[in-house]
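Asks: Once you have looked at the hints, place chain B on chain U.
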Amino acid sequence: MGNYVVKSILGAPGQNCAPISPSSAVWSNTKQAPVQGRSQAKISEEVLAETPNCHGQRKECTLKQIMDQESEIVHDTQSLHSDMQTLVYENYNKFIAGTDTIRKMKNDFKKMEDEMDLLAKNMESITSFSEQISCTLQDTRQKITKLSGVHSLLKRLQFLFKLPAKLKDRMQDGQYAQAVQEYIHARRVLHHYSNMPSFQGIQADCEAIVEELKLKLREQFKSKDDIMEFVDQGSSGFLSDLCLVVASYNDIDDLDSFAMSQLSSFVFGNMERYFQLVQERIEKEQDGGDTAVLVRALDRFHRRLQAMNTLFTHSDFARTGTDIVLRAGRRQCRFHLQTLKIYFSDTLTRVRQTLAAPKLISQDGDSSSSLSELLTSLVLATVEKVKGILQDLLLFSQPDLTFGLKPHFREVFCMDNVREELVVGFFHHLTATARSFCNIGENKAPPALLLLLSKMCLEFEGSSVHYLLSQTDEWFNIEDRSKSGILTTEEEICSNMRTAAQELLNHYVRTQGLSVSQMLRKSVETRDWLHTIEPRTVRAVMKRVVEDIAAVDSQVGALYEEGQRTEHSSDSSRRTHSVSVSRHAYRSNWSTYTPSHLDSSLVTNMQKLFSERIEIFSSVDFSKVSILTGIIKISLKTFLECVRLRTFSRYGLQQIQVDTHYLQLYLWRFVTDENLVHFLLDEILGSAVHRCLEPVLMEPSVVDIICERG
Amino acid sequence: MVRRKSMPLYQIALATKSLSARALASQLAESDAVRFMVGTQSLKLSNNQVHIVELNEENGALSTQVYQHSEEDNMCCMRSAIWRIPPCETDTTPAKLEQLTLLDTEEFGQDVKMTVFHPTEGSKAVTVVNNHFIQWDLAAGDAKLVCSGMMEGKGQPRFMVGKWNPHQNCTQFVTVNEGHVKSWDLRNPNKQVWSIEAAHSQVVRDLDFNPNKQYYMATCGDDGCSKFWDVRNSSEPVVTRSDHSHWVWSIRYNHFHDQLVLTSSSDSQVILTSVASISSEPLTNIVDSDENQREQKDKLEDGVLATYDEHEDSVYSVEWSSADPWTFASLSYDGRLVINKVSRADKYRILL
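Protein chains in written order, with my numbering: chain U, 1 to 710; chain B, 1 to 352.
The hints are simulated quantities; they were obtained by calculation from the structure and are not laboratory data.
Hints may be right or wrong, so weigh each one.
Said to hold, decoys possible - DMTMM-like cross-link-like pairs, simulated, lysine to aspartate or glutamate; straight-line CA separation at most 25 Å: (1) B:44 - U:528; (2) B:154 - U:528; (3) U:522 - B:197; (4) B:44 - B:57.
Note that this is a predicted model, so its numbers are computed, not measured.
Here chain U stands alone, though its shape is the one from the complex:
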């Protein structure tokens, strides 16, 4: 910037401008940038260089002017001088500082050098020390290497020690392949150490086990394809030999009767033994064998006998063969029925355990879903199981089997064994098992189980029985119409199922009713009703009763439909406002129990005349409200009977009044006919009035308040 300004001054010599301005401009310029040392020096030079030029121009000036100018120049020079001095002073400091720094650096380097020397020395000593240490540790290290070698060896040998036990375990678990693998792995080692006595023992043990293993494997090998092989051998070996004998006898003409009888007794004797052997073999096979293999073997056996029959016409061996096949079929069916029974009882145990397990999550929502889950597991899984077994048995009636087409076989196997004995038999078993839970003497079944079983029977009645029976009839080509009367009808089974469901449900109602009743009975029996204080709250037991009934409601609701309620008024809004409406009706009813009118039990008697007799322990419908009505009836009736056995003071009676009102508020929603609840609660309060020394009832409004407070 400085440069630029100077140029403009130089470029203006011919111009008639104020002579002061360049210098002042220069001055101001230098003033403006006093710190820029280098450029300032340059400027001063140029200003000075300019002066001779100026001389020429200033010749015409007055002395005064020159004097002024001179003094001005002197002044300027002085100030420039002083400026220069300041600059030198200022920068001098810096020079000194620089020199100091350099000197300091020199010192530091020297120090560093010393320290480096020291370090080098130290390093040397460390090296020597470490060499010394490694020398000393040399021995120990060698020892450690040796020890670890021994350790790994011992580890390997330990495997050998454990080998017999391991082999035994494998044998027990049936993991033969692994056992063999392990033995082979260890064999060489064992052989290597066989000269040592301790290893000899192990080897002996292992060999014994392996011997056993070999036996087992051979046995398995033998039994594996043995039914097929057995039948093949029997057919191709024994039967063809026998056929050959018979054929050669037949070829000889003119045989006397003695020879013939000899032949036939020979054939009979052998056949009998053969049948016996086959029978035994089949029975052995059936204990958990493969049905497909069994059926194939039976087929082969039966086919061969057919051939025998054509050759030896004196006896129907094929018939005996069919009998053996049939016996096998029957055994198979029984075996499966047994499996089904075991399966069902296992399922029940599981269900019981699930029900008995403590409920960790809140009672409603969750328990209901788990109940319906359990029901599905009971019904669907059982149906599937039966279906699976039927499919297994279907192998017996494949059309390509020689015995499969015989009507005799069809009749006995398909109808009697599969349909009647297995399927129908299992249904009977189901109902019988379910019913056994109703016996009072039986150890107490959890109520939820009763409910579940009842619903299960109902489900079977509704669809599963029909499904399984029709499936059976279809798969095994059973025609019902031709032989009506012989087969158990679907209706019969269904009605059995329904009765069982009903019994279970009734029992459920009784059990649940009883548990609520016990609570009520204890609460009435143990309290001193003569010396009780004025009621301020509803007794806790009443809340418990309502809670329990609500719990039962949700439990039943999980499995059963809501059901029909008796509507007493066509007004549909009534249901929602029922509490207040019925409360008014209730109150007006009870107002007859004012002390002055206590004699008039006429009202209740009139009511009785018009109301139906209430069956307490009666049968219930398969609907939620009906079940709940049953339970509530039993509970309230108990309450009534217990109240009649006690004596009440005025406050005792009022407590009953509060309690019944509370029940009235909450129980109506559960029952088919709310009048029933009103009636029973009326009876309870009426009886309490009868048994009261000073029958004064509480103001209904106070009762309301107490009940609303809860």
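Replies: For chain B alone, coordinates are given in the frame of chain U:
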């Protein structure tokens, strides 16, 4: 067995002043007239009455004599007293019962359940209070305590019912607490002779002995069942019946034909049941003619013979008449007494 509905023979409403009633007895010493006694249940002693109802078997008319309890200061507590029925008077005003002695039960507790006379001797009685049974000697006019027995156990057991066993020389007294039945030897009152634990799954309400078979006893209770026991085998009943739809409050053997048993229940019904299979009378007649053989088909079997549903409230007691083997009375809470007879057909089946 066919369930038959029978028409009531006689009904009478005793509760004129809305008195309720639970107590019914037949007049045991009376062997000529069919006579029943009914006690009302009111909290005021002076309101209470004893009605003696007699059935005239000639014309079927009922006559009632009312006896009033004496006026006394009103304190509500349970006591037991022996009363005398004053000689019959003809005027209609209720006669007053005469109190012979007030049984001193106070030291044994407040909950006086019942006092029962000895089956044959009128001078002996037993009172059941709390967990005690107390035997009295009434011969001297006022009651003298003979002996008392007590049952102890956890949860303060209380006797609900007591009954004198008419067999074994009347030396045994049987009590009920909750569902358990226990028999005590009165000669050594703390000695338990036998017991049936959990005879019913709930409370036992009544029991009765078969008058003709010494080891047979009937019980009934809140489980709605009637059970028949051979007390020598306390593990399970011989016969169990479950015909009522609510608690069974009373069970009575017929004194003459012990195959006939009456039960009354809070389902408002009285049921006449046959337990011919364990009756003292032989089940099968000796067959000596064709006529008998034909009848044998119609022999009495176990089961319900008749259901009587004239009552409209709980029936707490039922009693056979001591005079006529076929007549019985039942009493419901609302004070209605119903007298019925065993049907002619059933009668013939037993007699012929």
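Asks: State for each hint whether it applies.
Replies: These are the hints, each one checked on the structure:
1. B:44 - U:528: holds (19 Å)
2. B:154 - U:528: holds (20 Å)
3. U:522 - B:197: Answer holds: residue 522 of chain U to residue 197 of chain B is near 20 Å, not above 25 Å.
4. B:44 - B:57: violated (35 Å)
Consistency with the previously given hints fails for number 4 only.
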